[in-house]
Amino acid sequence: MELLFVILIGLFFAAAVYLMLSKFLVRVLLGVVLLGNAVNLSLFTNGRILRDVPPIIPAGHDVPATLTANPLPQALILTAIVISFSFFAFLLVLVYRAYQDLGTDNANEMRVAEPENDPLPPAGY
Amino acid sequence: MAVSPADLSAAFVMTPVAPADWLVVLPPAWCILAGAVLLMLRKSVRLQAMIAIPALAILVLVDALLLVHVSQNGPVTMVMGRWLPPFGIAFTADLTGVLFALAGAVVALAGSVHALSDIDGTGRRYGFYPFLLLLMAGVSGAFLTGDIFNLYVWFEVLLISSFGLIVLGSEARQIDGAIKYAFLNLVATTLFLIATGYLYGIFGTLNMADIAVKAAAGRADLPLMTLATLYLVAFGMKAAAFPVNFWLPASYHTPRVVVSALFAGLLTKVGIYALLRTLIMLFPIEREELSVVIALAGVATMLVGALGALGQSDIRRLLGYVVISGIGVMLVGLSLGSPGGVGGAIFYALHSMVVMTALYMVAGLAGRLAGTFDLNRLGGLHTRSALFSTLSLVLFFAVSGLPPFSGFWPKVMVAKAAMDIGAWWLVAAVFLTGFLTTIALGRVFALAYWRPAGEALPDAAIPASALLPLVALTALTVGFGLFPNALLATIQHAAQGLADPRAYIGSVFPGVN
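Protein sequence lines correspond, in order, to chains B and H.
Note that the numbering used here has the first sequence beginning at 1, numbered continuously upward.
Note that the numbering used here has the second sequence beginning at 1001, numbered continuously upward.
Hints in this document: simulated from the structure, not taken from any laboratory.
Using N, Cα and C, we set each Cβ at its ideal position, and we do this for glycine too.
A few of these clues could be false.
[Unchecked claim] Label pairs and their computed distance ranges (CB to CB): (1) H:Ala1020 <-> B:Arg51: 43 to 51 Å; (2) B:Glu116 <-> H:Arg1082: 53 to 61 Å; (3) H:Ala1489 <-> B:Asp118: 41 to 49 Å; (4) B:Met1 <-> H:Phe1087: 27 to 35 Å; (5) H:Gly1454 <-> B:Ser86: 30 to 38 Å; (6) H:Val1293 <-> B:Gly103: 40 to 48 Å; (7) B:Arg27 <-> H:Leu1222: 36 to 44 Å; (8) B:Phe5 <-> H:Phe1483: 55 to 63 Å.
[Claimed, not checked] Here are a few chain H residues that face chain B, going by a calculated C-beta distance under 10 Å: (9) Ser1251; (10) Leu1310; (11) Arg1451.
Same shape as in the complex, but just chain H (with noise of 0.2 Å):
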């Protein structure tokens, strides 16, 4: 028998994972196991929340395991197959990833708890609760892959799941921005894919923290700049940037409200986690050549996203500029580039996470009392529900960023990495989005909560599964926002370690540093 010269032990991780390591597979594993159960029981209506929800609930609870452990040890990693980074698909759990993958877990418990009433037994029946299990799959395993050909893996994933969740009901309204969506969104993952393959043809490697390494290594003979805007283009489709964002706005208002609610907190700001994985972490040079289109593309984003959200007369249309807005404002966070920017991006992504779901929700409810979505004939919700208004006051204002609330911090953080480097019109944009926001949206609070029903409204109450929710994520916006203290340091942290994955980089090759 031949005898190999080389060492094949030395390929393999031969010591044991340490229990605490397992945490950062099991999200998506979890998700998988709990989403294959459900879907065995797709016919018990009545048993798919009773699983889903408390599996949802332990999944918000290991993130929050892992958030501890990687906030106190750096980052971990663990590779598929025990073969050794980069030939086995390496998971790296970072702070910046698992801040998203907490946030996006709470996202979607809330949603399961606000979905009891929202989505009957059919719904439940043609698959609701698979199709968010899996979703959150997708979502976790994107957040906490630390191989860029498994990112496209876990993006298709999400979106075939959130096929399944956007044409439940099956309406002709739905079918319509179903199409829209399901379309473009095939084509960005298409580009993701086309700029991955090119990636492996100049790097031959798919681990992020090698493609750091060789980046930074060999960057004046390779065509990175080609990469990076390719990139770029894929993910600021998935993110719904301007020019790119016309696929939001046609189907985010079609579907069940609470989908929509799940769609606008988790999907595209999948996108922009990617984006600052690439851009920040895999090709900071090339960022900083392309931060003047960024920088435009985000104003141009936010000012479409404002002035868009003034012209809508359906609530959830609004909505959905609003998060158009939103994405606008991380955009120039990224174009930035500098800690403060970063940080800004990644708080104002979690913050658009909890509010954007909290406020469809309000949309939803709004409908559910007064029988419409339409500004034109919504009115008197104030009489209604006085709790219900207070806490759309409320996120109102947090989406339009204004104190005490948490949309606040980020937009300081970003306008002031604006104004250090001097860009002033930045600031000016970012300002100027708050104010056509808040217009927008107290103009929703003057016509649907304080102006008198024009008609008699339905006599439909707000069930406690559906308020609880909203009052949660109320909650966690107001707390973020009066005490953003320990949030902040967090985020400056993630940012640091994007900037300078050093620390990424030795979690996945031991030793190197």
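Chain B on its own, in the form it takes in the complex (with noise of 0.2 Å):
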């Protein structure tokens, strides 16, 4: 179970690196996101993957009877969607702002900050 999802893992982090290496902003947007979900999947894989079996320590026990996922992972995960979610959601309406105001999605034109032709300091008075 745990090598399968290794694997699917590795397919998102090529995917994501993959799409953030794209000059539009929208496929940049989408890369961030698989990014943000490929790392969320390694931390769930970092708690052991088993089914059906609730991490509660039975009666009389210190610890655990048999072996359970971890749930501290889970919880970081929980905190990790949660604040990618709202990055997302504020990239979004950026990029969306950015392709009404700039005009363009293509982030090697978006040269307002940065002029191609910016002249340098003069060298005297």
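Once you've looked at the hints, go ahead and assemble the two chains, each given alone in its own frame, into the complex.
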């Protein structure tokens, strides 16, 4: 099961990096979303993947009787999902606003902040 | 009813928390509270500043009290939910963290006063002050937390607040800058999360003191080098180290000048702090192996910053490169790893927080007086205000590392630490950078201040609320330049506490050592 997940995470990372290398912001945005999910899955795999074993310690024991999945990484993922979702929402609005204001979603053509032929400072006066 | 053989009360803190220990969580908690109040009063433009400035003044006071408490009693720990560490999320304040938090609070207070004349009613209605308070919650939390996943959460808190600040005004230029800032910083925090996930997989704990103990015990069998490298890349990106620095000059000149000033003072230094915390305290052996890489990155960062500053005609963009070159000096200090090097990095970070904020304020006022930020058109500023001109020159010298200002001592510490191990190329790079920065800023002074005004200057005066924080920050840099002894001694203690975290661990796990 873990091996399957590891391969899946690798595919997620590869797709995320491929998308983020694009100059079109919508693709970069999708890449960021995939990257977040790849990280969440890798955290998930970190805590063991087992079916139908609740992490409950039976009465009279100090440790669980059988191997269980660690619930803490799942709590971490929950935090990370909330954060990455809110960032996704913000970036989506930002990209849309950039498309409206700058008339492009091509990062190469966004040269308002860093103009292409910026003059050099004067050499003397 | 079944009775568990384990005594659960052993997992809880049963003694009441000492009143002074509440100081540890007060900075972020106070900022969140004040930020929430400000959010409710979002439409009352006048009330915003009247609440935010006293709130930040109280934050400075709390951080100062915490500094006194920590320097007298050593690191202080408080655990959330009264669980014992490593089960509860711990807040641990040591000297390094508190020094950074105090400097950050001072910078934020100065920025909040300076913003009175820089942020208009619209900017306040769109939430400048709430964002500032929430940004400070993130920054203070990051400096004081003792839990590495909690550090990630504070990073996200300060990142989302900084997004709010950078788009304030939503001009096309800002949207452009914000896109680059937002995407690259988000990737950096995601890298941080990847590293933290693996770290939990390896150690089964997120408490930094616990990690320090377990890393020291089981170093031989664990893939710690991978972790150290991931953290180096993630935090290096946050700190704008070469070659992952390109988001900074693309975005820092776009927002309102006071926002740039706050960013330059606070954000990259959080990255440096996290680098110090992870590489010096948690993974010292791995840092030793990476030291050549960090030193090369530091030298490249310094030179890219200094040369970039020479090539800019917009003074705000020029300052963005100066921020980067300062990060290079801190990275060189980090790469040396000796108490002198780490102390130099801490001192330089504190100095850079104060001076870079003040310099962006100078740029903003120069732009306000002359109506432009372009070196080709600026001129005649000295005749407009001799006081402003003098303050600017002091800050230009301070950031170039000339004595007797605060930039001089950390550079001496880093250079001395480099000489001690015979790394002459690092010493040469530090001095060459200082030389190039002096030229870049000396030219700004010659062109913008001494050169007669080419065109009629707009009729603008500097309001007292904009000048006061500038005077205060300049006084700090002159004061710590002339009388560095007390600060130097504190920083030496802080650097030793990072390199030898026994006191830190002892405060989290009383009775272990």
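Results of checking the hints against the structure:
Roughly 50 Å separates the CB atoms of H:Ala1020 and B:Arg51, a value that falls within the hinted 43 to 51 Å. Taking the beta carbon of each, B:Glu116 and H:Arg1082 are about 59 Å apart, inside 53 to 61 Å as hinted. The hint said 41 to 49 Å for the Cβ distance between H:Ala1489 and B:Asp118, and at roughly 45 Å that hint holds. A C-beta distance of roughly 28 Å is found between B:Met1 and H:Phe1087, which places it inside the suggested range of 27 to 35 Å.
Distance hint check: the CB atoms of H:Gly1454 and B:Ser86 are about 48 Å apart, inconsistent with the given range 30 to 38 Å. A C-beta distance of roughly 42 Å is found between H:Val1293 and B:Gly103, which places it inside the suggested range of 40 to 48 Å. A C-beta distance of roughly 37 Å is found between B:Arg27 and H:Leu1222, which places it inside the suggested range of 36 to 44 Å. Against the hinted window of 55 to 63 Å, the Cβ-Cβ separation of B:Phe5 and H:Phe1483 comes to about 59 Å, which satisfies the hint.
With a least beta-carbon distance of about 7 Å to chain B, the hint placing H:Ser1251 at the interface is held under the 10 Å criterion. With a least beta-carbon distance of about 8 Å to chain B, the hint placing H:Leu1310 at the interface is held under the 10 Å criterion. Taken as an interface hint, H:Arg1451 checks out: its beta carbon lies about 5 Å from the nearest beta carbon of chain B, inside 10 Å.
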